[in-house]
Amino acid sequence: EDQVTQSPEALRLQEGESSSLNCSYTVSGLRGLFWYRQDPGKGPEFLFTLYSAGEEKEKERLKATLTKKESFLHITAPKPEDSATYLCAVLLPDSWGKLQFGAGTQVVVTP
Amino acid sequence: NAGVMQNPRHLVRRRGQEARLRCSPMKGHSHVYWYRQLPEEGLKFMVYLQKENIIDESGMPKERFSAEFPKEGPSILRIQQVVRGDSAAYFCASSPGTAEDTQYFGPGTRLTVL
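Which chain is which? The protein sequence lines are A and B, in order. Under this note's numbering, the very last position in the first sequence is 116; numbers go up by exactly one each time. Under this note's numbering, the very last position in the second sequence is 118; numbers go up by exactly one each time.
FYI, nobody ran anything at the bench for these hints, they're computed from the structure. Some hints could be false.
[What the hints assert, rightly or not] Just a few of them, taken from the derived set where beta-carbon distance is under 7 angstroms, the chain A residues facing chain B: (1) Arg36; (2) Gly37; (3) Lys47; (4) Gly48; (5) Pro49; (6) Phe51; (7) Thr54; (8) Phe77; (9) Gly102; (10) Lys103; (11) Ala108.
[Stated by the list, open to error] Below are the SDA-like pairs computed for lysine to any residue, each with C-alpha atoms no more than 20 angstroms apart in a straight line: (12) A:Lys47 x B:Thr102; (13) B:Lys48 x A:Lys62; (14) B:Lys66 x B:Ile80.
Positions of the beta carbon are idealized from the N, C-alpha and C atoms, including for glycine.
Make a model of the complete structure from these sequences and hints.
Dropping the structure here:
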């Protein structure tokens with residue numbers, strides 16, 4: 006069965022303390038991996054799309070990387086406004102756009 | 005450039021009533037997806053539609069739930085005879101074309117069943 010697992014479940018960081026979130030997947034034949042952030046009471050906000058192993062994408066303090074088994078979201082020198090739940094999703098093979106989401110990592114950045 | 009729009013944002017229904025959730029995709033997008041987020045659970049795919057066609061409804065419960073995306077107007081997710089277990093946040097996403105395109109999400113409709 007295709008699985009997407011995110012770790013850790015929760016992460017508490019001091020402002021400026023860099024860290025990484027992990028998303029591991031068992032899907033064979035990856036067609037796309039997506040990162041979103043979700044604030045309480047809001048819809049997921051798109052961050053990155055990665056399609057092939059070795060690919061990297063960067064935006065402000067966030068950087069996403071992809072290997073054949075997992076993806077990392079690196080947060081460099083986070084600020085309190087980076088506090089959110091970060092979601093990873095994989096495009097399932099043989100599907101017409103069905104995303105399978107991980108449970109998310111809840112990040113809290115304190116001043 | 006408006007994003008994905010959903011209404012209502014909050015919906016309260018009593019058990020046995022019907023709930024209708026609406027989604028207008030981003031301009032230029034012809035693919036619509038519905039996901040459900042139950043309390044303390046992750047997002048789960050429900051259905052994928054293109055204009056006037058249901059492409060994949062493998063994640064939608066067989067009974068009481070239906071979805072449409074007419075030629076004109078928004079996509080509608082309809083839940084008949086709601087039960088307390090239907091209480092959740094329902095999110096709509098849209099994409100421009102191929103399956104590999106990024107899906108952009110709306111703000112969601114929070115359904116509460118009393």
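Next item in the hint list is Pro49 (chain A). Is there a CB on chain B closer than 7 angstroms to its CB?
holds (5 angstroms)
- Query: At a threshold of 7 angstroms, is the proposed contact between Lys47 (chain A) and chain B supported by beta-carbon distances?
  - Reply: holds (6 angstroms)
Checklist line | Given pair status - Lys62 (chain A), Lys48 (chain B), alpha carbons within 20 angstroms | finding: Judged against 20 angstroms, a Cα distance of about 26 angstroms means the pair is violated.
### Task
Report holds or violated for the interface hint on Gly37 (chain A), using the least CB-CB distance to chain B and a cut-off of 7 angstroms.
Hint holds; Gly37 (chain A) Cβ to chain B Cβ min 5 angstroms, cut 7 angstroms.
So, Thr54 (chain A) near chain B? Judge it on the closest CB pair being under 7 angstroms. Result: holds, 5 angstroms to nearest chain B Cβ.
**Prompt:** Does the interface hint hold: is Ala108 (chain A) within less than 7 angstroms of chain B, judged Cβ to Cβ?
**Reply:** holds (5 angstroms)
Tell me if the interface restraint on Phe51 (chain A) is satisfied: Cβ within less than 7 angstroms of some Cβ in chain B. holds (6 angstroms)
Point to revise | Interface hint status, Gly102 (chain A) versus chain B (Cβ within 7 angstroms) | key: With a closest approach of 4 angstroms, the Gly102 (chain A) hint holds.
Q) Within 20 angstroms, alpha carbon to alpha carbon, are Lys66 (chain B) and Ile80 (chain B)? A) holds (16 angstroms)
Agreement of hint Lys103 (chain A) with chain B interface, Cβ distance less than 7 angstroms: Where the cut-off is 7 angstroms and the nearest Cβ of chain B is about 5 angstroms from Lys103 (chain A), the hint holds.
Hint Phe77 (chain A) vs chain B: min CB-CB distance below 7 angstroms?
violated (19 angstroms)
Can the hint on Gly48 (chain A) be confirmed by a CB-to-CB distance to chain B that is less than 7 angstroms?
-> Interface hint status for Gly48 (chain A): holds (4 angstroms vs cutoff 7 angstroms).
The structure fails hints 8, 12, 13 (numbered hints given earlier, in ascending order).
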